[in-house]
Amino acid sequence: MYVHKYCNSTKKIMYFGMNPGPWGMSQTGVPFGEISAVRDWLGIEGPVNKPEYELRERPVKGFDCARTEVFIKKIIITLVNLR
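Counting in the UniProt record's numbering, the sequence shown runs without a single skipped number right up to 83 at its last residue.
Think of the hints as simulated: they come from the structure by calculation, not from any bench.
Just so it is clear, CB atoms sit at the ideal spot from N, CA and C, and this is done for glycine as well.
Please note: incorrect hints may appear among the correct ones.
[To be verified] Result set (DSBU-like, lysine-lysine): computed pairs, CA atoms no more than 30 Å apart in a straight line:
#	residue 1	residue 2
1	K73	K12
2	K50	K5
3	K12	K74
4	K50	K73
5	K5	K73
6	K74	K11
7	K74	K5
8	K61	K73
9	K61	K50
10	K50	K74
11	K11	K73
12	K61	K5
13	K74	K61
[Unchecked claim] The calculated label-pair distances, taken between Cβ atoms and stated as ranges, are:
#	residue 1	residue 2	range
14	K50	V3	16 to 24 Å
15	T10	N49	24 to 32 Å
16	L79	E45	16 to 24 Å
17	P22	I77	26 to 34 Å
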């Protein structure tokens, strides 16, 4: 959904390089995808397929995941406030 909604035209971008965390992109499939930011700011929500092999300690719950990537959430809040 992210690619179809946001990667369909020319845009100015800012690129961050960091590893995806277990409670963000691993849950939503969206780069830097802290769950509430993806749902509330980007307007993307829907079912997320589980990987074939899933770690018991870090289950993929998609948008039903109650945990959050705190650092990414702070970055997103900062970027939203810059607009």
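Satisfaction of hint between K74 and K50, Cα-Cα up to 30 Å:
27 Å, holds
Within 16 to 24 Å: is that where the Cβ-Cβ distance between L79 and E45 falls?
20 Å, holds
Given hint K74 paired with K12 - CA-CA distance at most 30 Å
22 Å, holds
Taking 30 Å as the top limit, are the C-alpha atoms of K11 and K73 close enough?
It holds: about 23 Å lies between the C-alpha atoms, which stays within 30 Å.
Return holds or violated for the Cβ distance of P22 and I77 against the range 26 to 34 Å.
20 Å, violated
Indicate whether the distance between the beta carbons of T10 and N49 respects the range 24 to 32 Å.
30 Å, holds
Taking 30 Å as the top limit, are the C-alpha atoms of K74 and K5 close enough?
Distance of about 23 Å is within 30 Å: holds.
Honestly, do K50 and V3 meet the 16 to 24 Å range at C-beta?
Between K50 and V3, where Cβ atoms are some 20 Å apart, the hint holds.
Given the hint that K5 pairs with K73, does the C-alpha gap stay at or below 30 Å?
21 Å, holds
Between K73 and K12, is the straight-line Cα distance small enough, at 30 Å or below?
22 Å, holds
Is the hinted pair K74 and K61 satisfied, with a Cα-Cα distance of at most 30 Å?
Between K74 and K61 the Cα gap is close to 22 Å, so the pair holds against 30 Å.
30 Å limit on alpha-carbon distance, applied to hinted pair K50 and K5
Cα-Cα ~22 Å, so holds.
Checked against the numbered hints above, the structure breaks only hint 17 and satisfies the rest.
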